[in-house]
Amino acid sequence: MLFVVLFTAAVCVNQAIKSQQIKAYLDAQTASCAENFLNDLEKLLNNTGPIEQKTVELYLASVINVTSVIENVTSDQLISLGNKVLAVTEKLVSSLVTPTETQNTTSINLSDLEGQVFSVGKMTNLTEIPPLLTSNSSLSIDLIGISKKNNGSAAVVFVSYSNMDNILKPKFFNESSKKSITKTMMSTVVLATLPNITSLTKPVNFTFKHTKKLVPAANLFCVYWNESKWVEDGCNITEINNTYTVCSCIHLSTFALIMQFDNTPRDADDAIELINTVGVSVGLLFLFLTILTLAVCQRGPKVTNVALLNLSMSLFFAHLVFLLTQQYQENVKKSQFSQLCEVLAGATHFLFLSAFVWMFIEAVLLYICVKNLSRIRSKQLEVLNWKCMLVIGYVIPLVLVGITSGLNPDAYSIDSCWLKNSVIWVFLGPVCGIIAINFLLTCVIIAVLRHALSNLDKSVSQLKHTRSLVLKTLLQFVILGCPWVLGFFTEQDKMIKIIFLFLNSQQGTFIFIVHCVLNQEVRCSLK
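Mind the numbering: the sequence shown is residues -16 to -1, 1 to 511 in mature numbering (1 follows the signal peptide of the UniProt record, and there is no 0), read in order.
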């Protein structure tokens, strides 16, 4: 059987050599032949007992030789072939695991594949095992802790493929990204597994040596193969420099490091960055003036703007943290305090959520005001006092951020200093919900106010004040809420992105003009 399997491999390689002359036809045939070879080899392994290391290395060399000649086949064929290669090599290397009372290690060194197997037994005197090393990667794992939960013994298999990116291509990561994005495999592909064991005692750390030059403006992602694509779930970057990256993962699988870089002309990006920086700076100035004005007016008996004051404060700190993060992101990522990125991402998440909750509180207060046709101050104290509003405005966002971090510890990317794409809906979900509720409340408020206008004397100053307040809040909803909808389309159109950045950066300017400059009550309070 061994001769038959190796003969099949030789035929596949020979067919690939011939395909250089008639490539349009024979590439697909070579892929099919390779998959047949892997299927035959897998059947052989399923019906074979222990295998000597020399035989294992002979099989592995055949697998590498066959897969190295695959070209110009469909993505589905590559994915199918890649899964077969991973399954077969995992079984081959795992067959080298031998029972031991103390500890034992076995190494494999082939031209395009390296592997190491480390086993521990009940009598081992080790408190921890050394990292498993290959030329371009290493694995640190708590095998001693795992063995204690497995009757005192355990083994780990670590394999590094230097040519697997020809099959499991980086294009299989984040396939929905725009066409100008270039993806590059920055490491060897590695496989790690615990034969006959499914759970870890603590996260494992992979150290990847960069196999290509790191582009300063690019994003790095620790990813694993989920049988059809590369995904980030369960992995995050803990350390990075120009030569290597350390990834921490809460599960074992097949892993790699992928670099993603936007090829959009730098001039366009610089222009957008300038617009964003200048716009946010101007918006921050007006938000600060708004906070200062409302804080002074808060002492006046006629002005109660608790919700508006806290909305302005949340937006001010959210935009400030976000701006500083974007300006110094590369410095933070390359420093020894790289975890600061996750902290800043969590803070930004909290502050923007808080701003939207305060928008919702404002809408509720306005509804109460219109419903009762009185100033917000009197009814606010009856329904929502300032302590209650502070709890709603800050505790709810804090709980949401806490739940996000608790359920998914790697939700915040150390690379982008923001939420990972896979969990972005923990922010967009509440935001969309609040925008939808505010829209419904606005419609109800307009309907109630219209009814009131038809039944009351239009010269009543109280009604005029309410109408003015409704108009301002409607404009505020449009300016503060609606631009976020554009955020869903910024990747498709540069102009939409510029509009989105401008409108969001000028939220502070709008709030100051409408609620301070055009607010008669505020102007009177300042006199």
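Be a bit skeptical, because a hint or two may be false.
The list that follows gives simulated cross-link-like pairs (lysine to any residue, SDA-like), each with its CA atoms no further than 20 Å apart [stated by the list, open to error]:
#, residue 1, residue 2
1, Lys75, Gly33
2, Lys133, Glu112
3, Lys193, Lys132
4, Lys481, Ser265
5, Lys75, Ile181
6, Lys132, Ser164
7, Lys167, Lys75
8, Lys68, Ser237
9, Lys213, Ile181
10, Lys196, Asn120
11, Lys167, Asn189
12, Lys68, Asn30
13, Lys193, Lys75
14, Lys68, Asp149
15, Lys68, Glu112
16, Lys481, Lys155
17, Lys155, Lys196
18, Lys481, Pro467
19, Lys132, Lys196
20, Lys481, Ser164
21, Lys193, Ser265
Pairwise CB distance ranges (calculated) [as the list claims (entries may be wrong)]:
#, residue 1, residue 2, range
22, Trp409, Leu382, 31 to 39 Å
23, Thr111, Cys466, 43 to 51 Å
24, Glu159, Glu112, 35 to 43 Å
25, Leu424, Glu159, 33 to 41 Å
26, Phe272, Asn405, 31 to 39 Å
27, Ile430, Thr166, 48 to 56 Å
Just so you know, these hints were derived from the structure itself, not from any lab.
Quick reminder that beta carbons are idealized off the backbone N, C-alpha and C, glycines included.
Here's how the hints hold up against the structure:
1. Lys75 / Gly33: Holds: Lys75 and Gly33 sit about 12 Å apart, inside 20 Å.
2. Lys133 / Glu112: Holds: Lys133 and Glu112 sit about 15 Å apart, inside 20 Å.
3. Lys193 / Lys132: The given pair, whose Cα atoms are some 31 Å apart, is violated under the 20 Å limit.
4. Lys481 / Ser265: holds, 18 Å
5. Lys75 / Ile181: This hinted pair holds, its Cα atoms lying about 14 Å apart.
6. Lys132 / Ser164: Violated, at roughly 50 Å.
7. Lys167 / Lys75: Violated, because 30 Å separates the two Cα atoms, which is more than 20 Å.
8. Lys68 / Ser237: holds, 14 Å
9. Lys213 / Ile181: Judged against 20 Å, a Cα distance of about 24 Å means the pair is violated.
10. Lys196 / Asn120: holds, 12 Å
11. Lys167 / Asn189: Violated - the C-alpha atoms of Asn189 and Lys167 are around 23 Å apart, more than 20 Å.
12. Lys68 / Asn30: holds, 14 Å
13. Lys193 / Lys75: Violated - the C-alpha atoms of Lys75 and Lys193 are around 26 Å apart, more than 20 Å.
14. Lys68 / Asp149: holds, 14 Å
15. Lys68 / Glu112: violated, 33 Å
16. Lys481 / Lys155: Distance of about 25 Å is beyond 20 Å: violated.
17. Lys155 / Lys196: holds, 16 Å
18. Lys481 / Pro467: OK: Lys481 and Pro467 at ~10 Å, within 20 Å.
19. Lys132 / Lys196: violated, 40 Å
20. Lys481 / Ser164: holds, 15 Å
21. Lys193 / Ser265: violated, 39 Å
22. Trp409 / Leu382: 31 to 39 Å: violated, 19 Å
23. Thr111 / Cys466: 43 to 51 Å: Check failed, 59 Å falls outside 43 to 51 Å.
24. Glu159 / Glu112: 35 to 43 Å: The hinted range 35 to 43 Å holds for Glu159 and Glu112, with Cβ atoms some 39 Å apart.
25. Leu424 / Glu159: 33 to 41 Å: holds, 36 Å
26. Phe272 / Asn405: 31 to 39 Å: Once the Cβ atoms are compared, 33 Å apart, the range 31 to 39 Å for Asn405 and Phe272 holds.
27. Ile430 / Thr166: 48 to 56 Å: Between Ile430 and Thr166, where Cβ atoms are some 49 Å apart, the hint holds.
Of the numbered hints given earlier, the model fails hints 3, 6, 7, 9, 11, 13, 15, 16, 19, 21, 22, 23; all others are met.
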